[in-house]
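Q: Sequence:
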Amino acid sequence: TSSQGQYKFLLEASREIATAGAQIQASFLWTAYSHHLASTCPATTELEEYLGNRFQPHHFSQDTNTSSVSNAVKTSISSMKNLKKWQTKSSTSTIKSSPMVIIVCSSTKRCASLLKELSSLKVRVMKLFAKNIKLEEQLAMLQKSGSDAIAVGTPNRLLKLARASKEDGKDSGGLVAETELVLLDSFEDHKRFTVCTMNDTAPDLMMFLKEFVQPRLEVDDDKDGKSPALRQQQRQQSLKLAFF
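In terms of my numbering, the sequence shown opens at residue 6 and continues consecutively.
Calculated from the structure, these hints are not laboratory results. Everything hinted at is true.
The calculated DSS-like cross-link candidates involving lysine-lysine, where the alpha carbons are at most 27 Å apart (straight line), are:
no.	residue 1	residue 2
1	K171	K139
2	K132	K149
3	K165	K114
4	K127	K79
5	K132	K171
6	K132	K89
7	K89	K149
8	K127	K89
9	K114	K79
10	K165	K121
11	K90	K171
12	K149	K165
13	K114	K136
14	K165	K215
15	K13	K215
16	K139	K149
17	K171	K89
18	K215	K139
19	K165	K139
20	K121	K86
21	K121	K196
22	K132	K196
23	K121	K89
24	K127	K86
25	K132	K165
26	K132	K215
27	K132	K114
28	K149	K127
29	K114	K127
30	K165	K136
31	K90	K121
32	K121	K139
33	K86	K149
34	K139	K127
35	K121	K79
Derived DEER-like restraints, expressed as beta-carbon distance ranges:
no.	residue 1	residue 2	range
36	E216	S8	19 to 27 Å
37	E141	E17	37 to 45 Å
38	K79	T50	38 to 46 Å
39	R129	F14	34 to 42 Å
40	S83	K139	29 to 37 Å
Being a predicted model, the structure only gives us computed values, none of them experimental. A virtual CB, placed ideally from N, CA and C, is assigned to each residue, including glycine.
Could you build the full structure based on these sequences and the hints that come with them?
A: As structure tokens, then:
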């Protein structure tokens with residue numbers, strides 16, 4: 006069937022997606038996104054309207070170094086200086102309830118492995134996965150002390166935290182309100198599935214992208230009447246995606 010053919014394409018494409026060009030990455034992610042979310046579309050809503058705007062090449066970082074997660078972070082963000090100065094709490098600024106970088110992994114074991122690799126950046130990294138930490142504890146920590154510069158998490162926990170942080174009324178943008186980069190891990194498990202293709206992780210990841218990431222991606226519309234200066238400002242404030 007066409008669905009089986011689409012899934013086979015996803016499995017093959019995911020295995021080298023980190024080193025592919027932005028056009029291929031955008032096409033791959035949109036295919037995975039629509040494949041996993043089609044079944045959740047309400048009967049009263051057109052699928053195209055439900056899925057929203059397509060992922061575009063300009064939504065993806067063009068300069069990501071995929072040799073390691075730390076290099077991927079350094080080459081995909083606007084400034085390492087900003088990353089190191091990302092404030093969790095101070096007397097002169099408001100609490101940042103969202104990290105500058107969110108790294109999405111397929112499992113807690115993989116998250117733990119990346120935490121060790123990220124130590125070379127010498128910035129605080131928040132653990133947003135389920136192992137030994139309750140959802141309520143993580144949410145309370147975000148509300149009280151704010152977020153660290155980088156967060157590493159699994160799709161299900163990130164989705165639940167983002168929904169909860171938005172519902173509390175204190176943060177209109179939720180967990181991703183000020184995030185600059187969402188980094189998608191292309192690590193393969195023993196069956197060669199990734200976070201974008203694994204049935205245990207892909208549906209939650211795509212819903213996280215739909216509800217919290219997609220609304221912050223830049224809409225490339227030259228007919229909207231906006232000035233070049235305003236367009237440039239919005240581009241700088243919009244969120245970027247990257248694979249590593």
